[in-house]
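Student: Spelled out from the first residue to the last, the chains are:
There are 2 protein chains.
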Amino acid sequence: MIFYVARQHSNNNRYEQPLNTEKIIATHRTKIKTNAIRAVYDSKEILKIIDESFLCHLGFAVNNQPFVIPVCYGRKDDRIYFHGAKGSRMFNTLRSGAEICVTISIVDGIVLARSAFNHTINYRSVVIFGKAHELNSPADKADALKIITEHIIPGRWGDVRKPTEKELHATSLFSLNINEASAKIRSGHPIDDEDDLELDVWAGVLPLKIIDGKPIKDDSVKNKVHNNFQIPDYIKNYRKNGKSIPEKRRR
Amino acid sequence: MIFYVARQHSNNNRYEQPLNTEKIIATHRTKIKTNAIRAVYDSKEILKIIDESFLCHLGFAVNNQPFVIPVCYGRKDDRIYFHGAKGSRMFNTLRSGAEICVTISIVDGIVLARSAFNHTINYRSVVIFGKAHELNSPADKADALKIITEHIIPGRWGDVRKPTEKELHATSLFSLNINEASAKIRSGHPIDDEDDLELDVWAGVLPLKIIDGKPIKDDSVKNKVHNNFQIPDYIKNYRKNGKSIPEKRRR
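One line per chain: the protein sequences are A and B, in this order. So for the first sequence, the working numbering puts the first residue at 1; every next one is plus one. So for the second sequence, the working numbering puts the first residue at 1; every next one is plus one.
Because the hints were derived from the structure by calculation, they are not lab data. Positions of the beta carbon are idealized from the N, C-alpha and C atoms, including for glycine. A portion of the hints provided could be inaccurate.
[Claimed, not checked] Okay, the calculated beta carbon distance ranges per label pair:
#, chain 1, residue 1, chain 2, residue 2, range
1, B, R239, A, E165, 25 to 31 Å
2, A, R239, B, V62, 50 to 56 Å
3, A, D78, B, T171, 36 to 42 Å
4, B, P154, A, N237, 23 to 29 Å
5, A, G87, B, D193, 20 to 26 Å
6, B, E134, A, D200, 32 to 38 Å
7, A, A85, B, D195, 19 to 25 Å
8, A, H169, B, S88, 41 to 47 Å
9, A, D51, B, P138, 19 to 25 Å
Given only the sequences and the hints, what does the whole structure look like? Please build it.
Tutor: This is the structure we're talking about:
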């Protein structure tokens, strides 16, 4: 895998130690090839971001006109998988071998500086380039649907009615290799100009996170069996399954 | 403005009234031109989605190679505004008059059906097409920075040190007219096949939402003035300012 990570972190203790702004920019991926240890570290970081979200923005172009479509995905090993109805413009374009760009973004907070100019957000994002590969056999398609379902809500697949051949025929499934990817991460406090530090302005970070609410049972089926169903643990404990972000990692 | 909205909502009371699946698909925008009332309603709906988020995914293409970049934005009237460092590939491409696609997505929940195939998510998304317009005068650029800041955290602009001419010179600011936009909305419970309704599977919706955590003060400045700062109300009450989503609108 070929990765680069652009990272920016502001250290709290600006006056006790030098400003710890770690910033690695690689404009060409070969730069990272020369640093295998960094590359391994980066691939873990990239996969962690991919695993924390399940919505990507998939970009493709037709005659240089860009389209950006929100798409749910799942990851297994070095691939992400996504699906949708056959015959859409997006899937027809993917099928023709077009280059795509898949971007995943997680917002961690609003960074409130003393100057307007130095406001920013804390975020982690991944960009993957490549060509999507269509899955054709019913077995591969069923496997991919399982990967997507288990990525979005781990534990769910075992409970539900599995797809029929007719359903598999009606849906298109694609994979994208995560072999050319980059990440950008911004964390920590605002970086204000020296002259602004004594200004009479509250400065810091307002953390943002995604949480799950109370599960809402589908009450359309008026039978006692369903009304007595307990909420499965994998739904009740969703946040604990790693899809939303533990507080300690939100700085 | 020219809009279309593709809407899908499953009604709870599947057995008490016909399945209320409202689904409007307009593949060509002229379809909406013939229905002015719907168009007005849709534009409100689209602006509501734009105002609820502040992160878009901006797509552009260079020689048919797509790029999708996460970008913060603000909206005023019928335009969104965004900014960044001068000289990036993205801004050079925008400056050349390239067509762009800006997509904003809000995930409202995971829809858990009785069959794997009918799983989906509840979401609201907006896609805007057009060409970005660069702002050149310092006054226009300062106005746009104010729009972006106030969009992300209303009330903040009045507190902070305003941008200098040097800062304005160092940043590029663009606007995009919201005059060709579409929205897609999915809400409500899963739509299961009739045959699956009696299955022994918990079905319903797991709502997801973005919340703000406890503000973290930048403690890098060791002076009493700053340590005595109170958290401003617009930060403390961030969720009440409409940037995250009231519970009653989450179904």
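Student: Now, for every hint given, state plainly whether the structure supports it.
Tutor: Against the structure, the hints come out as follows:
Between B:R239 and A:E165, the C-beta spacing of about 47 Å breaks the proposed range 25 to 31 Å. At roughly 40 Å, the beta carbons of A:R239 and B:V62 sit outside the given window of 50 to 56 Å. A:D78 and B:T171 have their C-beta atoms about 37 Å apart, which keeps the hinted 36 to 42 Å range intact. One distance hint, 23 to 29 Å for the beta-carbon pair B:P154 and A:N237, is violated here, with the actual separation near 35 Å.
A C-beta distance of roughly 21 Å is found between A:G87 and B:D193, which places it inside the suggested range of 20 to 26 Å. Checked against the given bound of 32 to 38 Å, the beta carbons of B:E134 and A:D200, roughly 34 Å apart, stay inside it. Hint check: A:A85 to B:D195, Cβ distance near 21 Å, so the stated range 19 to 25 Å holds. One distance hint, 41 to 47 Å for the beta-carbon pair A:H169 and B:S88, holds here, with the actual separation near 44 Å.
A C-beta distance of roughly 44 Å is found between A:D51 and B:P138, which places it outside the suggested range of 19 to 25 Å.
The structure fails to meet hints 1, 2, 4, 9 from the earlier list, while all remaining hints are met.
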